[in-house]
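K.L.:
Sequence:
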Amino acid sequence: MFWDGGRAKALQQTRRPHALQAKQLTIAAYVFVGYCCERICFNASRARSTALSVTSVTFYRPAGLRKALPGSARIGRLVSGCRSTMTAAAPLATPSNSPVRVLFASLIGTTIEFFDFYIYATAAVLVFPTLFFPAGDGSAAMLQSLATFAVAFVARPVGSAVFGHFGDRVGRKATLVAALLTMGLSTVAIGLLPSYAQIGVFAPALLALCRFGQGLGLGGEWGGAVLLATENAPPGKRVWYGMFPQLGAPLGFLLSTGTFLGMGAVLDDTQFMQWGWRVPFLASALLVLTGLWVRLSITETPDFQKTLDRKTRVTLPLGTVVLQHGPALVIGTLGAFATFVLFYLMTVFALGYGTKTLGYDKEQFLLLQMAGIVFFVLGIPLSAKFGDRHGAPLAMLLASIAIVAFGLAFAPLFQANHPLQVLAFLSLGFFFMGLTYGPCGTLLAELYPTEVRYTGASLSFNLAGILGAAPAPYVATQLAARYGVQSVGYYLGGAAVLSLVALVVARRWRG
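With the numbering used here applied, the sequence shown covers 177 to 687.
It is worth saying that the hints were derived from the structure and are not from the lab. In this text the structure is predicted, and so the values were computed from the model without any measurement. All C-beta atoms in this analysis are idealised placements derived from N, C-alpha and C, irrespective of residue type, glycine included. One or more hints might be untrue.
As the list claims (entries may be wrong) - Calculated cross-link-like contacts (lysine-lysine; reagent style DSSO-like; alpha-carbon spacing at most 30 Å): (1) K482 / K561; (2) K413 / K487; (3) K482 / K413; (4) K532 / K413.
What the hints assert, rightly or not - The following label-pair restraints were derived from C-beta to C-beta distances: (5) A311 / I577: 41 to 51 Å; (6) L385 / L319: 12 to 22 Å; (7) R683 / K413: 16 to 26 Å; (8) K532 / D444: 23 to 33 Å; (9) P410 / A441: 43 to 53 Å; (10) L558 / A311: 46 to 56 Å; (11) P647 / D485: 43 to 53 Å; (12) V455 / A581: 38 to 48 Å; (13) Q597 / P411: 37 to 47 Å.
Let's have the full structure, built from the sequences with the hints guiding it.
P.N.:
Okay, here's the thing in structure tokens:
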């Protein structure tokens, strides 16, 4: 059973999180962060060690270095303290990341990030208006709670610029670890926050701060995960590799929605409001630890390593993107615009309209959405296969045409009274979402050179999120109230046409 804000009056007796548990979690987090930093620095020092060869004396580089020793690999003198021995200098192999490890590392990171992102969205409707805002006007509390949800959309481009800078300057691997830590620690902190009844106005302020941290982490995570996959891809497989990070969005949605539905089956309203809602936020720490363990075991991507070897890194990636790659930034942002509009219409708007206007209860409609998300998952690999054969821009272009047609049939499909017809509507919408979302990461990455790719791809993606996702539920709700639900379909179709034009131009920018 789900909990509406007005049904939980036991809120003011919310249990204070145990200080001992908080202290233990904090100590564990610091220990693990220290371990991660030590591993990153150790691997970086290994990768940058050099070999000095002077006549017959050779100082060996550690294993794992990319370049073989210069000159012939003849017998040299191994200097070790006061002893010297004669040995053959074996050529050093270029390390490579296992495809399975690369794809899993890119997938698990985005899955965790989107899981954290979505559990906040659910709690912002069901829990936070009652827990973190003054009692009284329920509508005002709901609006304030949704305002904290929107904070992340402002933070995501900031995260793109900040993490993109280090991703293009320092490396993909270390930046991805930092982004995942930022998101994970922010999410766990939300699960430990005291309520408004305990600390007053500091409660919503801390909630907004943690939400900003979530947005920062997600803004830096997506671009790095896509580059981790695509820059390790073999020839002819860039779109296929690039679709694995994209699978994190539907998988994260399934995990988050399933978690709250499962808790609704085992907890009553009072238990959920007192402590149950904290469980998904705290449990995300286990997922984050798994993701960090995988990412710490991979090496830098070959494309970025070439940039290091050629010493072609730029000083200020953000400035270079804006000043030298402005057209690519606009094209990428508009090309992904319809993707965000469609997703938030099928999730946030559809949930509100389906429960308030069509009369479905929340549990029933969320189950319908979860069934529809399966088609989201199916659409991603199909479009990726097509993208490797015919190009990512063409794959997204054809998907945008399908979205235009879907927009024209929006009202007849969505206003049906039978649940199976609503399921068909959701399944079609999510399937088209998968078709346009699968090649999106590869398309945005290919618009930029390696030196600014992390910043450029991340910024395009998250600017599209601000323009497409942030206003979509509000605009759609106003359109449906004033002009009918078919006007929402026209809004979606217009967004798809805008992306269609950008994708036509993007075909000239590929590579």
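K.L.:
Take the hints in turn and mark each one as holding or not.
P.N.:
So, going through the hints one by one against the coordinates:
1. K482 / K561: With a Cα-Cα distance of about 28 Å, the restraint between K482 and K561 holds, given a limit of 30 Å.
2. K413 / K487: holds, 27 Å
3. K482 / K413: holds, 20 Å
4. K532 / K413: Given pair K532, K413 is violated - Cα atoms ~45 Å apart, limit 30 Å.
5. A311 / I577: 41 to 51 Å: holds, 50 Å
6. L385 / L319: 12 to 22 Å: Holds: the Cβ-Cβ distance is about 19 Å, inside 12 to 22 Å.
7. R683 / K413: 16 to 26 Å: holds, 20 Å
8. K532 / D444: 23 to 33 Å: For D444 against K532, whose Cβ atoms are near 25 Å apart, the range 23 to 33 Å holds.
9. P410 / A441: 43 to 53 Å: For P410 and A441 the Cβ distance comes to about 45 Å; the hint holds.
10. L558 / A311: 46 to 56 Å: Given a distance of about 49 Å, which is inside 46 to 56 Å, the answer is holds.
11. P647 / D485: 43 to 53 Å: holds, 44 Å
12. V455 / A581: 38 to 48 Å: holds, 42 Å
13. Q597 / P411: 37 to 47 Å: Holds, since Q597 and P411 (Cβ atoms, about 45 Å apart) stay within the stated range.
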